[in-house]
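Colleague: Sequences are here, hints too, so could you generate the full structure?
Listed below are the residues making up each chain.
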Amino acid sequence: MSLEATAHGTHDEHLAHQFEDMPQQNDAYLVGMWAFLVTEIMFFGALFTAYMIYRFTYPHTFLDAHRELDVPLGAINTFVLLTSSLFVALGVRAAQLGNRKGVLLWLSLTLLCAFGFLGIKAVEYSHKFEHNLVPGSNFRYEGKLPTQPDRGLVDTPGVQRGLDAGGPMIGAVRLGSGQMQAQSVQMFFGLYFVMTGLHALHVIVGILVIGFAVLLVARRHKSVQYFMPIELIGLYWHFVDIVWIFLFPLFYLIPQG
Amino acid sequence: MSVQTATPGATEQPRTHYLNAGHTIASWLLTTDHKRIAILYMISITIAFFIGGAAAAMIRIELTSPTGVMLEHETYNKMFSMHGIVMIFLFLIPSIPAVLGNFLIPMMIGAKDLAFPRLNLLSWYLYMAGSILAVVAMITGGVDTGWTFYVPYSSVYANSNVVLVICGAFIVGFSSIATGINFIATIHKMRAPGLTWFRLPLFVWAHYATSIIIVLGTPVVAITLALVAVERLFHIGVFDPAQGGDPVLFQHLFWFYSHPAVYIMILPSMGVVSEMITCFSRRKPFGYNFIAFSSLAIAVFGFLVWGHHMFVSGQSVYLGIVFSVLSFVVAVPSAVKTFNWTATMYKGRIWFTAPMLYALGFIGLFTIGGLTGLFLAAMATDVHLHDTYFVIAHFHYIMVGGAIMGYMGGLHFWWPKMTGRMYPESWAKLAAGITFLGYNLTFFPQFIMGLQGMTRRYHYYPEEFQALNVLSSAGASILAVGYIIPLAYFLWSLWYGKKAGPNPWRAAGLEWMTDSPPITYNFEKTPIVTWEAYEYPENEEDDPLPDLDDEDQLLAVGSGEAPKR
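Chains as they are written, first to last, in my numbering: chain A, -8 to 248; chain B, 3 to 567.
Simulated from the structure, these hints should not be mistaken for laboratory data. From the three backbone atoms N, C-alpha and C, an ideal C-beta is built for every residue, glycine too. Where hints are given, some of them may not hold.
From the structure, some residues in chain A lie toward chain B, with a derived Cβ separation under 8 Å [unchecked claim]:
hint: 1; residue: E11
hint: 2; residue: Q15
hint: 3; residue: V22
hint: 4; residue: F27
hint: 5; residue: V29
hint: 6; residue: A37
hint: 7; residue: L38
hint: 8; residue: Q174
hint: 9; residue: Q177
hint: 10; residue: M178
hint: 11; residue: V185
Here are the simulated lysine to aspartate or glutamate pairs, EDC-like style, with alpha carbons at most 16 Å apart [as the list claims (entries may be wrong)]:
hint: 12; chain 1: B; residue 1: K349; chain 2: B; residue 2: E542
hint: 13; chain 1: B; residue 1: K114; chain 2: A; residue 2: E11
hint: 14; chain 1: B; residue 1: K114; chain 2: A; residue 2: D12
hint: 15; chain 1: B; residue 1: K114; chain 2: B; residue 2: E526
hint: 16; chain 1: B; residue 1: K527; chain 2: A; residue 2: D12
hint: 17; chain 1: B; residue 1: K286; chain 2: B; residue 2: E534
hint: 18; chain 1: B; residue 1: K527; chain 2: A; residue 2: E11
hint: 19; chain 1: B; residue 1: K500; chain 2: B; residue 2: D551
hint: 20; chain 1: B; residue 1: K500; chain 2: B; residue 2: D552
Modeller: And the structure:
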């Protein structure tokens, strides 16, 4: 932090009124950002918990259902996102060195990757829509269903899970094993859409934030002549990347067994 | 930090402080001053409190008769849902952190403002947006799910505005998260030189622990409620048993936040009480470190006990035993605090002011609420008491008796600092007494009803409970008087109250070392702290207490300088 030398009491133009000096401001920004990322982790954490529970409840149907996902596209997306994380790191480095053109270049490349990611995601989503794999009344699953039953809500004799042990009821019809499996395939896609959808929402927010930063850097706005905003954006983007690093294996590469 | 001694005949120079720094509406709505934002919060939270209170009044009126007095069944359900949602999400959770915390934390640590003033303003706007959405949705269509939004009722069957109200709660959750992040960054990085962690006021420690809970817990309930909304809208059956989901998962995720949320409500209140007990006992707190660490311990253990809400949900017996034991453990740090307050008062020079009466009331009600919590934490007794009025009484003793007593006491304690005016002390004492009596009369009969088996959420009840219910409703009307009196004299004091000096209570703490009301950036010069927290003089001669009815004395004390050691 080259700005540490700033004399106490002098007015750095980037110093907000509530802080005494630049190191204090930088530290406070970092603490704030990390606290925010903790909330984000807890936000996704609840979804990962739900995923974990249903993954163990319906291991066989999840295994079959995941074959509907496009592993090559997912892998490309992982690669795209990892690359974007590299670009953003280079952008932060350029910001720290005060290299404005470098910041512009690397952040624009990050944006490009982010749009690429969303584009590929859109292609994947549209395939799911075509194959009626979106939960709801039009949901239809034509893939194979496992021969072994899952130890789900239905087939666990003697264990009550807060429901009638005989299995859930719809109207007066008790669901049979097969129907339950179809429901749990729907569960897989439900979780898939909720979790990747929330992740995509974070990518969109990232695009807005990075896009705004690029605009400000290009217009030589004073708030981005100082490296901290870029560094915080970088932290956020790495978080978005890390969430995908977990989502990809969980949904696309479910281990056999 | 000028002390103005009133010279007879001299015209008083109006001082600039945060309240008169700008008079336009924009200067309030676009302010980034933490003190002004605290006032904005105070106004909106007071409105929320009276909306929730009105719903409570309807419930109590309705329950005076075993067959109901005036409400339809559905309207009754909507009333208790509204009461719960408004009181918990819009009043109890934000009350002390957003009003007193916002106002005091920067001043107590000698900072000019919170670390992120614009985020602070945003959090108020989020609070307003979420509250208005939720309240309008509740008034126009209502929700009948209760504040817990239990699935599958909320996600599949309830025929009401669940999604809108959930959106409101979700947005208010973000407001809470923003406040929590702001407090953490502020307390970590903005302390004045010399103000080490163990010189921090206990109020700040309590808010630090609260912020940790907010940051770790609120996102979980946010996503859980979002999943309910998604389930209603897009038929994604994460919780719906008809689609292979598990409603018990909802309860786990919901209570993972909502049990710690109880500590979001009570911990700040404990911080307030610690300040008041030390000030009005004129003593250092007994076991400062224990009180500070017990806040953190409550924050940590608060996350390990959610399963005690689910003893009858079908979770395994062994899980129940674990949660039961862990729930007992939370009683330890709570008891540590209570004993330390008592020990602080022991041999102290107790000064019975209105805030002190609220603090004492807090200790009484919190003790009853805490001890009855043990009945509910024990699995065997909980199976009998589950979803009865015993539970209602227990959590009202904790949340209403504890949190609101703390909030009211805190308002009385810092009112002179916030407004520069004193309120009529005798009226305030009367209000504190009425409130305490009203609480006990309202909620103590509910313990008995619960033990005898009156279940919660029902509109009709067997006739033998009528006497106790009438008693409880009578108590509620006394309680209402106990809230309306302060509203009246607080408003009165803004114009006619005696002027308060910087330190009418002769309290220790940085916030008392600047003007009342404080200037925009709190201190004219950043204070340098060279003393320990709560250094009260030991001898009575060194510490003469002012007569609160004498304005000259009030203005004279509290020189606005650091205590001399």
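Colleague: Holds or violated: is there a CB of chain B closer than 8 Å to the CB of A/V22?
Modeller: Result: holds, 4 Å to nearest chain B Cβ.
Colleague: Return the status of the interface hint for A/M178: holds when the least beta-carbon distance to chain B is below 8 Å, violated otherwise.
Modeller: holds (5 Å)
Colleague: Tell me if the interface restraint on A/F27 is satisfied: Cβ within less than 8 Å of some Cβ in chain B.
Modeller: Since chain B brings a Cβ to about 6 Å from A/F27, closer than 8 Å, the hint holds.
Colleague: Can you confirm whether the C-alpha distance between B/K527 and A/E11 stays at or below 16 Å?
Modeller: holds (11 Å)
Colleague: Less than 8 Å between beta-carbons is the criterion; does A/V29 satisfy it with respect to chain B?
Modeller: Holds, because the Cβ-Cβ distance from A/V29 to chain B comes to roughly 5 Å (cut-off 8 Å).
Colleague: Keeping to a limit of 16 Å between CA atoms, is the pair of B/K114 and A/E11 held or broken?
Modeller: Since the Cα atoms of B/K114 and A/E11 sit roughly 9 Å apart, the hinted pair holds (cutoff 16 Å).
Colleague: Hold the hint about A/Q174 up to the distance rule: shortest CB distance to chain B must be less than 8 Å.
Modeller: Holds - the Cβ of A/Q174 comes within 8 Å of chain B, reaching about 4 Å at its closest.
Colleague: Need the status of pair B/K500, B/D552: alpha-carbon distance at most 16 Å?
Modeller: Satisfied, since the Cα-Cα distance of roughly 8 Å is no more than 16 Å.
Colleague: Does B/K527 pair with A/D12 here, judged by a C-alpha cut-off of 16 Å?
Modeller: Holds: B/K527 and A/D12 sit about 15 Å apart, inside 16 Å.
Colleague: When you check the alpha-carbon spacing of B/K500 and B/D551, does it fall within 16 Å?
Modeller: holds (8 Å)
Colleague: Mind checking the alpha carbons of B/K114 and B/E526 for me, to see if they're no more than 16 Å apart?
Modeller: holds (9 Å)
Colleague: Given A/E11 as an interface hint, is its Cβ closer than 8 Å to any Cβ of chain B?
Modeller: holds (7 Å)
Every hint from the earlier list agrees with this structure, and none is contradicted.
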